[in-house]
Structures are given as C-alpha cells and as structure tokens.
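Peer 1: Sequence:
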Amino acid sequence: MTNPNGGYQPENGENSSQSYDSNQGQQYNPYSQQTGYQPQYNQGYSPQPNMGAYPVQQQYVAPGQQKSWIAALLLCFFLGSFGAHNFYTGRTSFGVAQLVLNILGWATFWFLLGFAFWAILGIWVFIEFIMIIAGAGDYDKDSRGVPLAK
1 MTNPNGGYQP ENGENSSQSY DSNQGQQYNP YSQQTGYQPQ YNQGYSPQPN
51 MGAYPVQQQY VAPGQQKSWI AALLLCFFLG SFGAHNFYTG RTSFGVAQLV
101 LNILGWATFW FLLGFAFWAI LGIWVFIEFI MIIAGAGDYD KDSRGVPLAK
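Position 150, counted from 1, in the sequence shown is what the UniProt record's numbering calls 150; the numbers after and before it change by one each time, with no gaps.
Note that these hints are calculated values from the structure, not bench results. As the structure is a prediction and not an experimental result, all values here were calculated from the model. We put the CB at the ideal spot given by N, CA and C, even for glycine. Keep in mind that a hint or two might mislead.
[What the hints assert, rightly or not] Straight-line C-alpha distance at most 20 Å; calculated SDA-like pairs for lysine to any residue:
no. : residue 1 : residue 2
1   : Lys150    : Ser68
2   : Lys150    : Phe82
3   : Lys67     : Arg91
4   : Lys141    : Asn102
5   : Lys141    : Arg91
[What the hints assert, rightly or not] Restraint ranges, calculated between C-beta atoms of paired labels, are given here:
no. : residue 1 : residue 2 : range
6   : Phe109    : Ile130    : 25 to 31 Å
7   : Met131    : Trp110    : 29 to 35 Å
8   : Ser93     : Ile133    : 20 to 26 Å
9   : Ile127    : Thr92     : 14 to 20 Å
10  : Ile130    : Ser68     : 14 to 20 Å
11  : Phe77     : Asp138    : 17 to 23 Å
With these hints in hand, go ahead and build the complete structure from the sequences.
Peer 2: Below, the structure is given as structure tokens:
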C-alpha cells in the first residue's frame, strides 16, 4: 500500500516501524538519483528541411465538377443582391446573409430603413465582384478549395 506522503506502508504481518520512503515526504524526482542525467525526448529525431512552424498538409480535393469563374462573375453582377454567386460557389452562409439583407430591405423600405440595408448589401456585393475579378482572398476557388475554371 502507499502512504499519503508517497512512501511504502507495509501490510499485515510486516514490520510497520520501517519506512521505505527515502525522500521523507518530499516530492519524488526520478532524475535526482542519477547525477548529470537529463531526459532526452527527441532521441533519433532529425529535423527535415521542410519543417517550419506549421506542418505541410496534403491537399484533398473533393469529388465534383469544377465551377466556372465566368459564371460566378456573371451571377455576382446580375444576381449579386440575392447572393446567387455565393450559393453557386458553396458559400451558403454568405448567400443566406445577402438574401436576408435583400428581404429586410424590401420589408422596410417604406420606413426608409430599407435603403440602409440595400446600401450595405450593394457595397458588399461590389467588393465581392472586384474580389472575384482579381481572384483575391478565397474568391479564386469554391468552398471546397477547388480553383474556379477560367
């Protein structure tokens, strides 16, 4: 059995006056008995030339058809306020947000609040249109990471 102080407590029939705890209540350190020993955790490891801050990950391309860059651009230009280009490229959360902004604009335009929703939506769609043209950010590929076909 083990003593709460870390030492060995003898069981029935053994001499209970003897304590086998050599540290006498101190915390046990497995390296204290060997002088000059330091644990070596990376034995047999040799760094590779491509090892940086982040490991290199292999690209996985999901099966499916490659989306067209021209189609995404035209959808953004003509149906951008409905988020059609985002639905086309698989960014459904952006598409839903743009669709909700458009619906809120139509629902509140009598109170002149709708024009604010439409202004926000218009600026957002214009920026995405420019980003699709330039291929900036993630707008040069779809949501799966597959590049848009030009």
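Peer 1: Next step is simple, just say for each hint if it's right about the structure.
Peer 2: Each hint tested on the structure:
no.	hint	verdict
1	Lys150 x Ser68	holds, 6 Å
2	Lys150 x Phe82	violated, 23 Å
3	Lys67 x Arg91	holds, 13 Å
4	Lys141 x Asn102	violated, 25 Å
5	Lys141 x Arg91	holds, 11 Å
6	Phe109 x Ile130: 25 to 31 Å	holds, 26 Å
7	Met131 x Trp110: 29 to 35 Å	holds, 33 Å
8	Ser93 x Ile133: 20 to 26 Å	holds, 22 Å
9	Ile127 x Thr92: 14 to 20 Å	holds, 19 Å
10	Ile130 x Ser68: 14 to 20 Å	holds, 18 Å
11	Phe77 x Asp138: 17 to 23 Å	holds, 19 Å
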